[in-house]
Amino acid sequence: MVDLEKTALRLGMVPLVDAAPLIVARDKGFFARQGLEVQLSVESSWASIRDKVVAGVLDGAQMLAPMPIAATLGIDAVGVPMVTAMSLNLNGNSIAVSEALYQEMGLSPCEPVAAGQALRTLLTRDRKLGRRKRVFAHVFPFSAHHYELRYWLAASGIDPDRDLRLEVVPPPLMVQALLDGRIDACCVGAPWGAAAESAGAGYRVISSFQIWNHSPEKVLAVTDEWAQRHPQTHRALVAALIASCRWLDQPEHRLEAAQLLIDSGAVDAPPATLRAALDASAIGAPHSGQLVFHAGAANFPWITHAVWFIEQMRRWRQVTEEVDALTVAANVYRPDIYREAAARVGVAVPDEDGKSEGHHASPWTLDTRSGPIIMGSDRFFDGQTFVNCAAAPLLTAGRDPG
Amino acid sequence: MRVMLVDDDLGRMALLRQALAAAGNEVVAQLGPAEDLIAAVARHQPDLILIDVDSPARDTLESLGQISRDRPRPVVVFASHSDSDMARRAMRAGVSAYVVDGMQPTRLKSVIDVAIARFDEHQALRRELADTKTRLADRRDIDRAKGVLMQRRGLSENDAYEQLRKMAMDRNVKLGDAARALLAVAELL
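Chains as they are written, first to last, in this note's numbering: chain A, 1 to 402; chain B, 1 to 189.
So here's chain B without its partners, still in its complex pose (with noise of 0.2 Å):
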């Protein structure tokens, strides 16, 4: 696993890195606050990125899950406060996992495995919800063409639906996306 950390507490990244590698883990890249977040990313790739909760460089981090065509990454964030309803809170906003005080190393594999798992079913269900949406929406759309040929060119529901497979097919396109040029040809005539 490629990891990046994020902290400008050089005892306790030195710690972190001892015990990443204990792991079978690599740092590939380690930044202090200041340091140019984007470029490190694109330039190391890391698989998971550490930081600690109160780097400026979280908000750079932040952006880049937003409007952006960036792969997103897990990330674990290091909170000094020992306050266990805010780890709690927080892993449920998006952050893979919050780790609180004391950075044990016998713990560590534990949590990365943790953070990967959550962040991956996070992917999943995102992954899953956007799947659905398209389905529901192809299957609206493609209703919809239907209708328009059997309206227009008084076609049964079936042989619309064979004139449509047929387009699409020829086009080399999906269904949905057929049904949508369709309809936006519709519209125009």
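Next comes chain A alone, as it looks inside the complex (with noise of 0.2 Å):
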């Protein structure tokens, strides 16, 4: 075994069920297998767990995936550069609306394009009585939950900075705010979807899997600095992830993961929802939306899933600069480092850095030199393809749909 740099660690999560791979980390000793020692904390912000690892006052972290990016760019306020080597979930954000805006807007079964024209319409005739605008909750600036829910409202013409307000709520407090009347939608990651329906707060109406499907979720996350410091470290911390991942797809282990989640206190959700949000049921079905941690190289950082992310962050102005979307993305996702980590707990990956979006609407399969990967569909709802023409070179893994 390689010399470890460090082996005592402290990482930081969020209270959410895709911090799963962290906690199956520890209580199934992959962690350990890697010569680690990790001491989870339990944080109750994103900002402060961005700010702690700043500080080195954790070593790394669970993450939402456009955190690092943000960093990098200095768009956060704390502009230090910031690197993640693996994803560590696909999936599960819901948009879920209060009891009364689901009774106007009159929906049974939902989709996106329907529940969006439902929206537009009953925006629009608030707009003619001069009623209040509508207050859409988010859980950060920098969240895929913030550019889905812009995404969705945007197709379905409705303009997000005018039509109504998006606000933040940190995810345990979103149910109250709908019961409160606070808020009157939300899109939120799992299990608080499921909390606020069985509480009688609201309904899920769409999912983030409808919206986009198999998108990029949470990633782990380090300082450029940490990753330069403790090379050898970084790679045994995301090969000890990659193998939790891994046993959390396997459909017999997802029970005892929801068992690990409830044993450790960490979410503070009715247990049931955090054993809905694991069912092993639906994993592999085609159109499930479930949380998916490994399968389909879903620990893959895939570079163009950070320059959608960089795009989404042009579009809505949150960077107004010109910036190289390309070279940025390549500074902070580090597939170099996810095959050399991969390697070491045996498990194939691609060989290109990028992928195209929005071209597969039924799992296909990438072919590699280290084997084929059964790849999950990747479709918008809207129809829309995603390749960034400059990124043209990396793109040439995936094939089209045959």
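Derived by calculation from the structure, the hints in this document are not laboratory data.
As the structure is a prediction and not an experimental result, all values here were calculated from the model.
Be careful, since some hints might not be right.
To be verified - Just a sample of chain A residues kept apart from chain B, beta carbon distances all over 12 Å, derived: (1) S44; (2) R50; (3) C110; (4) G130; (5) H146; (6) A199; (7) W247; (8) P251; (9) A272; (10) A348; (11) S356.
Unchecked claim - With a straight-line Cα cutoff of 16 Å, these simulated EDC-like cross-link-like pairs (lysine to aspartate or glutamate) come out: (12) K133(B) <-> D263(A); (13) K133(A) <-> E111(A); (14) K174(B) <-> D120(B); (15) K28(A) <-> D263(A); (16) K133(B) <-> D159(A); (17) K174(B) <-> E121(B).
As the list claims (entries may be wrong) - Label pairs and their calculated CB-CB ranges: (18) R135(B) <-> A343(A): 52 to 58 Å; (19) R317(A) <-> A39(B): 21 to 27 Å; (20) T134(B) <-> R314(A): 18 to 24 Å.
From the three backbone atoms N, C-alpha and C, an ideal C-beta is built for every residue, glycine too.
Both chains come to you apart, so use the hints to assemble them.
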């Protein structure tokens, strides 16, 4: 075994189901197997996670996928370069609307196009009647939730900056905010959408999977400086978490994982909603929208995912300067580190750093030198595709649906 | 100074309140972690917000500075870990001040003063940067517009500039904006 620069680590996480890879890696010994002794620190806000990682109080943390990019771009007030060498999961968010809004929209089974049209009609009527703007909540300015929400609204002909108000509410406070009528809807990660339903606070009408199939959600992030000072420890950490994610994606382990999460007490939500969020029966079902922790190269830090986030930051004017999206993306997302770590735990890896998005409505096969990988669908609900032209040399991976 | 406190530690809040009052400040609101921060900021219009490092409301507060038309405010964060490095680096990180451990009432005034000074400095720098950028863009666009006039209407550089200035005065707009308007039209024709 290689020498590690550091073996005792402190990692931050936020009380959400997609922190499961960290809890499982600790409790099932995946960290230990890589020679690491990890202490998990449950943090109550993303801002505090980021500050503590920057200050070195935490070695690394679960973060929202756009966070290390925002930090590197210097648009989050921190301006400390960060890197991620792996995604922790895909999918998992849902848009939930309050009971009152649900009734007004007059929806039963929901899908993004119908729900968007119903909402647009409602907001137009609101405006004519001079009613107050509806409030939609997400969890952080640099979150997939924020961009998914805006993407869906804009594609539905709703201007998120004019037709409604977007606000940030921390996930564990979302249910109460819906109950109090403070917010009319929210985009939040598991289990809080389900928790809102079970508390009678609202209904989940669309999942993030329906907006963008298998969209990236959380990542493991460290500062660039930390990564440079601890290259071997970093690879060991990524290897341990890949192994943990692989374990989590085996259906027979999901119930045990839910129990670990419940026992850890880290996520203060009803146990039934935690079990439902990790429900094994839907794994592999093509349109389940279930959390994916490993299958379909879920852990691979696709540079094109980062480029997509940078495009959204630009679209919504969080980035106003000229930036070379591909260069920034390649500095933050590090497939090279992932490949070395994956080799340690015997996981097949893509040969290319990027892939096209929006071209596959069903599972497809990615051929790699390390073997074929069955990939999930990657469709956007409005049929858009995403391939950044500047990224063309990186984007030869991914076959057109045949 | 109108101050808003966000903390779930009632003992510390009481202490802070006292110290703030003694320094001549008014505590306009005291919020627990689950309360509606955005509504409270809108209602009380505080000049300064003091918040616990581990408050979930920090994410909400941070969002107020993003894509927001709201007036940003200085923020003082209280950390419970005695890690001076964290304080130092977090201060660099946009929070106006990071106070670690030990709410010494005697130090409060200077902490607030430093926070506000840093905040003002930061705002001034941002304004200056924005101004400089506008000035550079103006100069570039004015030069381009002059070029268009010289080329299309055979004017001298001086006459082109005068034309542009007259256009700006007649329309009561800034010279840079007049130049950009002209360029936009030139592109269409």
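Status of each hint after checking the structure:
1. S44: The claim is violated: S44(A) sits with its nearest Cβ about 4 Å from chain B, within 12 Å.
2. R50: violated (8 Å)
3. C110: holds (27 Å)
4. G130: Given that every Cβ of chain B is farther than 12 Å from that of G130(A), nearest at about 20 Å, it holds.
5. H146: About 9 Å separates H146(A) from the closest Cβ of chain B, which leaves it inside 12 Å; violated.
6. A199: Per Cβ check, A199(A) is outside 12 Å of chain B; nearest 14 Å; holds.
7. W247: holds (30 Å)
8. P251: Correct as stated: the minimum Cβ-Cβ distance to chain B is 33 Å, above 12 Å.
9. A272: Holds, because the least Cβ-Cβ distance between A272(A) and chain B comes to about 23 Å, which exceeds 12 Å.
10. A348: holds (37 Å)
11. S356: Holds: least Cβ distance 29 Å, greater than 12 Å.
12. K133(B) <-> D263(A): Answer violated: K133(B) to D263(A) is near 55 Å, above 16 Å.
13. K133(A) <-> E111(A): violated (23 Å)
14. K174(B) <-> D120(B): violated (28 Å)
15. K28(A) <-> D263(A): OK: K28(A) and D263(A) at ~13 Å, within 16 Å.
16. K133(B) <-> D159(A): Roughly 28 Å separates the two Cα atoms, so the pair is violated.
17. K174(B) <-> E121(B): This hinted pair is violated, its Cα atoms lying about 28 Å apart.
18. R135(B) <-> A343(A): 52 to 58 Å: With a Cβ separation near 53 Å, R135(B) and A343(A) satisfy 52 to 58 Å, so the hint holds.
19. R317(A) <-> A39(B): 21 to 27 Å: holds (25 Å)
20. T134(B) <-> R314(A): 18 to 24 Å: Since T134(B) and R314(A) have Cβ atoms about 20 Å apart, the given range 18 to 24 Å holds.
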